[in-house]
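Asks: Following the hints, complete the assembly by docking chain G onto the known chain R.
Line order of the protein sequences matches chains R and G. Quick note: the first sequence uses the working numbering, first residue 1, plus one each step. Quick note: the second sequence uses the working numbering, first residue 1, plus one each step.
Derived from the structure by calculation, the hints contain no laboratory data. Given the structure is predicted, the values throughout are model-derived calculations rather than measurements. Treat the hints loosely; a few may be bogus.
Put simply, identical chains are the same to the list, so a pair is met inside one copy or across any two.
Said to hold, decoys possible - Derived DMTMM-like pairs: lysine to aspartate or glutamate, alpha-carbon spacing no greater than 20 Å straight-line:
hint	residue 1	residue 2
1	K16	D349
2	K484	E298
3	K159	E2
4	K502	D237
5	K16	E369
6	K468	E499
There are 2 protein chains.
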Amino acid sequence: MEIPLTPLDFARRTRKLYPEREAVVEGTLRLNYRQFFERCDRWSAHLQRLGVRPGDRVAYIAPNVHAHLEGYYAVPQLGAVIVPINYRLSESDFAYIIEHSGARVVCAHADYLVAVDHIRSQIPGVEHFVALTGQAPGWIDYEAAVAATAATYTKPEIKESDLLSINYTSGTTARPKGVMITHRNAWTNSVGTLVHIHMTCAERYLWTLPMFHANGWTFVWTVTAVGAAHICLPKPDPRSVFETIAAEKANFLCAAPTILIGIANAPEELRRQAPRGVRVITAGAPPAAATIERIEGELGWEITQVYGLTEVSPFISICEPRPEHAQLPPHARAEIKARQGVELLISGDLRVVDEQKRDVPSDGQTLGEIVVRGNVVMAGYYRDPVNTDNAMGDGWFHSGDAAVVHPDGYVEIRDRFKDVIISGGENISSIEVEGVLLRHPAVQEVAVVGVPDEKWGETPLAFVVLKKGAAATEDELKQFAREKLARFKVPQSIRFIAELPKTATGKIQKYVLRGGRANIGKQ
Amino acid sequence: MEIPLTPLDFARRTRKLYPEREAVVEGTLRLNYRQFFERCDRWSAHLQRLGVRPGDRVAYIAPNVHAHLEGYYAVPQLGAVIVPINYRLSESDFAYIIEHSGARVVCAHADYLVAVDHIRSQIPGVEHFVALTGQAPGWIDYEAAVAATAATYTKPEIKESDLLSINYTSGTTARPKGVMITHRNAWTNSVGTLVHIHMTCAERYLWTLPMFHANGWTFVWTVTAVGAAHICLPKPDPRSVFETIAAEKANFLCAAPTILIGIANAPEELRRQAPRGVRVITAGAPPAAATIERIEGELGWEITQVYGLTEVSPFISICEPRPEHAQLPPHARAEIKARQGVELLISGDLRVVDEQKRDVPSDGQTLGEIVVRGNVVMAGYYRDPVNTDNAMGDGWFHSGDAAVVHPDGYVEIRDRFKDVIISGGENISSIEVEGVLLRHPAVQEVAVVGVPDEKWGETPLAFVVLKKGAAATEDELKQFAREKLARFKVPQSIRFIAELPKTATGKIQKYVLRGGRANIGKQ
Chain R
1 MEIPLTPLDF ARRTRKLYPE REAVVEGTLR LNYRQFFERC DRWSAHLQRL
51 GVRPGDRVAY IAPNVHAHLE GYYAVPQLGA VIVPINYRLS ESDFAYIIEH
101 SGARVVCAHA DYLVAVDHIR SQIPGVEHFV ALTGQAPGWI DYEAAVAATA
151 ATYTKPEIKE SDLLSINYTS GTTARPKGVM ITHRNAWTNS VGTLVHIHMT
201 CAERYLWTLP MFHANGWTFV WTVTAVGAAH ICLPKPDPRS VFETIAAEKA
251 NFLCAAPTIL IGIANAPEEL RRQAPRGVRV ITAGAPPAAA TIERIEGELG
301 WEITQVYGLT EVSPFISICE PRPEHAQLPP HARAEIKARQ GVELLISGDL
351 RVVDEQKRDV PSDGQTLGEI VVRGNVVMAG YYRDPVNTDN AMGDGWFHSG
401 DAAVVHPDGY VEIRDRFKDV IISGGENISS IEVEGVLLRH PAVQEVAVVG
451 VPDEKWGETP LAFVVLKKGA AATEDELKQF AREKLARFKV PQSIRFIAEL
501 PKTATGKIQK YVLRGGRANI GKQ
Chain G
1 MEIPLTPLDF ARRTRKLYPE REAVVEGTLR LNYRQFFERC DRWSAHLQRL
51 GVRPGDRVAY IAPNVHAHLE GYYAVPQLGA VIVPINYRLS ESDFAYIIEH
101 SGARVVCAHA DYLVAVDHIR SQIPGVEHFV ALTGQAPGWI DYEAAVAATA
151 ATYTKPEIKE SDLLSINYTS GTTARPKGVM ITHRNAWTNS VGTLVHIHMT
201 CAERYLWTLP MFHANGWTFV WTVTAVGAAH ICLPKPDPRS VFETIAAEKA
251 NFLCAAPTIL IGIANAPEEL RRQAPRGVRV ITAGAPPAAA TIERIEGELG
301 WEITQVYGLT EVSPFISICE PRPEHAQLPP HARAEIKARQ GVELLISGDL
351 RVVDEQKRDV PSDGQTLGEI VVRGNVVMAG YYRDPVNTDN AMGDGWFHSG
401 DAAVVHPDGY VEIRDRFKDV IISGGENISS IEVEGVLLRH PAVQEVAVVG
451 VPDEKWGETP LAFVVLKKGA AATEDELKQF AREKLARFKV PQSIRFIAEL
501 PKTATGKIQK YVLRGGRANI GKQ
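So that you can see chain R by itself, here it is in the shape it has in the complex (with noise of 0.2 Å):
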């Protein structure tokens, strides 16, 4: 017998199992599940009121409420497909993907409705708009309307290789893309996440990670289906993330390396507050060791890394802890902790090729591609087969990650392969050369870039920003390299910075600082 594999069961059985639980918080709210999902089923009930019928697409641009939240039920359970908008866009960049999208209704946060505003002529498709938070002319009072409508509709029949939602990656270069998650995927990323990071309904999850950010990682479900509570923080900023830690006693969270850093480097006093076993998912760009150490030795947290991709719903290789790395210092076991991993149970076949397509030699060295292929695969590009058929035509997945694979089995990223710096005909990873920086006592973050060079073809360029009331010469910094690398891969040259340049994901936009158009600091 089936029934399909969707997120939608998860509700099904915590609506059944959890009603008491507290499901949300936020600042003062306090929902169980009754009445979180008695909200959805009236947002559902709105929307196909409004004539949202499966297959439509609803947006929304919004930080980590609780309204957002429930859009990954009440639209989903309609047989509608959600498109959660990076709210750190250009109004260029949501025009271009409502229309891309072809939402008929975009629901937003109170901080968004100006700027939804400024683009109204761009988007004619949209039918309706939704005030999230706050209150506007020619916007629906979300409240408003679930205070006001019966929690009745029609339900659908859902397949699991349904559209549930379409997350669009911020493009370094080029237009955002659609990434179509499938009901399957999401679910396959949901359980794969529980199968690996055990969870129960103890758990106090809190929303560092947007949601928008591939649905925050699954975890708008996942949390959902094992009964735990979801704690919103708008603003997760170092102090809010701490003082919600203590406050609210979370004790799990999911984190970009950004965040990670912050709070690495947060102030001794709000690092004081923080309870021990906090247990940390980080993903979305390689974390440095030596952060992972800080936060591990210091703060007695748990990190475990996990790679993926948005277009893989997004995990696809989980750092699994081994009985052997218990017994190693904690820098060795922090530097293991900094690879990528081994693929997770039910992601799919994970590999690292060359280009005829080969595996790569487990020597922790030759460089491949990570491709993969599995459930957590997405079904393609939305309105978009040439990119869909270069990313996957060819029955895998092809991530754009330049990795190594290593004795043991584990896959390390080296570099997206168009950051790699090929010197003197050797590849040098700028991850690589970045992790060792960041080992030096005075640099808070450090991105290296390719520079052209006549003799060798290209040379490392390093752009560092220095903790604060932190200090170190340009020397200081070599010398230090070049006691932990080959002397090909120190960079050449070492300059200091403000701040990176990053995209809205928080990504560091290698493509600015290889053009000089950096925010260049005083130093």
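Replies: Leaving out everything else, chain G in the frame of chain R:
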């Protein structure tokens, strides 16, 4: 992108990630996963050479030996169907199952070669007989075949809806029925187990549960999935269990209640050897709270009860620990642990319904039947459309188990529907009465059945097995029951008996007791 959900995908991954980890221990034999899968591949190649094609059935009659375990990979990876037969059945049952399944190959352990030879004339469809251990005329020598065959075979395409196994239930009154388990069924049960019961490659799993029993509750695949070790124990008497746990550092096992009772009542000198922290999954029949309390309290082991039937791959509920249970005193916690609990995250929708298919109230009192729909529900009974339709024709699989739902949503089985005793219009759960008598210090096992009564319709009759060296009178036990049960539930009569009649899978045959055909003891 969809790839089939199949336990064979676990094997693909484990070959890649855990080649050097211990796969199988059996006496002095030790195989790592590379060696284990090499043997499976060789056996697949040999089977293919013998003419086994996708869809063909291959029967196994064997205790928990590694050659049996290899069958759970070698057969399905050919697209063929494994038919594991309960080795405790009679020769005529062997003949019936082999013939009914249409097996072309029968693989048997040395202990069963003679039995199979006796029935050769009744199973004309079998083309090849394989001695997994031992040698005999007319039997292919498994070890010789594995040694002589190269590990190359033609891999078929496998769909997740394809049949993986046919597991014959040991009927108490009727002929065995062939439960058709698909690749998706088994995959779901294994993954569902891992979501709730976290296992890693550090686990050392002891085989006390027979593999033929619903594919060892799918642990033939679950253990491999996480890269853990299978410790095979062909004869799991309490002494071997305790000695093997100590010698092999086993830390995990599955056990039917019969084995649990054996463990709880093992001699002191054996129990002294037991390391603390062993995890035990129990299912197959509701264990008594007293047994749970004893094993948890005295041995320091951790028992989790799971409930299911062969027809549901086999798990549909788990007694999920909740934070609030941790605060309870041991006795109260054992009472909860004796419940069947709540549906697993991915097994499917479990309901307890009355005859009109309405959910019974969550009052801990109203009896209903457990029904389920989901991805663990079998494809049907093999070559038996009538029984298939009876069991699941309405879209729900009907378990035949009578249960109540407690206010916390936890389901507790009170009886097989046919074993409920109706006395003076009141339902009496034989299991409830048994649970009370089991708390008496002299009682080892007990079975309660209804006997006809002119005044009340039926009244309860208890059959009691006393512990070795213990004594108790009928009046003493009745008095003990009166203190804990409503008067109408107290057995009218108690008979002492040397041994309870059981099926080959260890289930008590109440129909034998009702018929008065039990081997009544001396007292």
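Asks: The structure should be examined with respect to each hint, and the outcome stated for every one.
Replies: Structure-based check of each hint:
no.: 1; hint: K16 to D349; result: between (35 Å within a copy, 10 Å between copies)
no.: 2; hint: K484 to E298; result: neither (24 Å within a copy, 54 Å between copies)
no.: 3; hint: K159 to E2; result: both (11 Å within a copy, 13 Å between copies)
no.: 4; hint: K502 to D237; result: within (17 Å within a copy, 64 Å between copies)
no.: 5; hint: K16 to E369; result: between (44 Å within a copy, 18 Å between copies)
no.: 6; hint: K468 to E499; result: within (12 Å within a copy, 78 Å between copies)
Violated hint for the displayed structure: number 2, the only one.
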